[in-house]
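Participant: Protein chains in written order, with our numbering: chain A, 13 to 125; chain B, 7 to 121.
Keep in mind that a hint or two might mislead.
Quick list of simulated restraints, FRET-style, between CB atoms [what the hints assert, rightly or not]: (1) L68(A) to G22(B): 51 to 61 angstroms; (2) L68(A) to T19(B): 42 to 52 angstroms; (3) A60(B) to S92(A): 43 to 53 angstroms.
To give an idea of the interface, some chain B residues facing chain A are shown, with a C-beta separation under 7 angstroms as derived from the structure [said to hold, decoys possible]: (4) L45; (5) G48; (6) F51; (7) Y54; (8) G57; (9) L97; (10) T109; (11) F112; (12) P114; (13) G115.
If you are wondering where the hints come from, they were derived from the structure by calculation, not from laboratory data.
We treat Cβ as the ideally placed atom computed from N, Cα and C, and that holds for glycine.
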Amino acid sequence: AQSVAQPEDQVNVAEGNPLTVKCTYSVSGNPYLFWYVQYPNRGLQFLLKYITGDNLVKGSYGFEAEFNKSQTSFHLKKPSALVSDSALYFCAVRDPRRYIPTFGRGTSLIVHP
Amino acid sequence: GAGVSQSPSNKVTEKGKDVELRCDPISGHTALYWYRQRLGQGLEFLIYFQGNSAPDKSGLPSDRFSAERTGESVSTLTIQRTQQEDSAVYLCASSSPGPRTDTQYFGPGTRLTVL
Chain A
13 AQSVAQPEDQ
23 VNVAEGNPLT
33 VKCTYSVSGN
43 PYLFWYVQYP
53 NRGLQFLLKY
63 ITGDNLVKGS
73 YGFEAEFNKS
83 QTSFHLKKPS
93 ALVSDSALYF
103 CAVRDPRRYI
113 PTFGRGTSLI
123 VHP
Chain B
7 GAGVSQSPSN
17 KVTEKGKDVE
27 LRCDPISGHT
37 ALYWYRQRLG
47 QGLEFLIYFQ
57 GNSAPDKSGL
67 PSDRFSAERT
77 GESVSTLTIQ
87 RTQQEDSAVY
97 LCASSSPGPR
107 TDTQYFGPGT
117 RLTVL
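Excised from the complex, chain A in its bound form:
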């Protein structure tokens, strides 16, 4: 079985400050991990993924995420938040033996001016 948890329903951060959106997962074997962003009334857009290799993954719009196997985490980070980053962020995990990922419940990121 595979599962993912996003422990925070909402994250508030001031513009210019660093942001972190948390994600932990459970899967047998090595995971494929993904972050997607959803802007209001839009579909999900891919941000970044970890498949193998370097634990620090860089993605779109200045976002990055670090795969931590011992803590089974894949937190999303950005050094300096923008108001335009305000959106709903989804973490997803996939067992490489399956083709269906499991998505977290989403975290609403609010960046205050």
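Add chain B to chain A, keeping to what the hints say.
Facilitator: Then chain B, alone, in the frame of chain A:
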């Protein structure tokens, strides 16, 4: 190039009516997924198509839900005898499976409202 498209963008229907939702995947993408997103909730997997293989229907919530896909082209999701709890955004995604290319590309969704 064109992304994933879905139609209609909005659908309002009366309880008990049937509805059909359409998804046009990205050309060349062999995998297609349907998800349901209820207000304030995460994504709920419904069904997965991969090429000409038998679809994975394990996420369909009841026998009122069905989906078809012809080859690697358009897919339709049909909900029969709609209920108010079916109100949600229905998202379609396509991908080209493989460890380096299996990023899912999502359509804008169809917002279904059952009165």
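Participant: For each hint, tell me whether it holds in the structure or not.
Facilitator: Evaluated hints:
1. L68(A) to G22(B): 51 to 61 angstroms: 53 angstroms, holds
2. L68(A) to T19(B): 42 to 52 angstroms: Distance hint for L68(A), T19(B) holds at roughly 47 angstroms.
3. A60(B) to S92(A): 43 to 53 angstroms: Taking Cβ atoms as reference, A60(B) and S92(A) lie about 48 angstroms apart, which means the hint holds.
4. L45: 12 angstroms, violated
5. G48: 4 angstroms, holds
6. F51: Status holds, d = 6 angstroms.
7. Y54: Result: holds, 5 angstroms to nearest chain A Cβ.
8. G57: Interface hint status for G57(B): violated (11 angstroms vs cutoff 7 angstroms).
9. L97: At about 6 angstroms, which falls below the 7 angstroms cut-off, the nearest Cβ of chain A leaves the hint on L97(B) intact, so it holds.
10. T109: Holds - the Cβ of T109(B) comes within 7 angstroms of chain A, reaching about 5 angstroms at its closest.
11. F112: With a closest approach of 4 angstroms, the F112(B) hint holds.
12. P114: Holds - the Cβ of P114(B) comes within 7 angstroms of chain A, reaching about 5 angstroms at its closest.
13. G115: Because about 5 angstroms separates G115(B) from the closest Cβ in chain A, which is inside the 7 angstroms limit, the hint holds.
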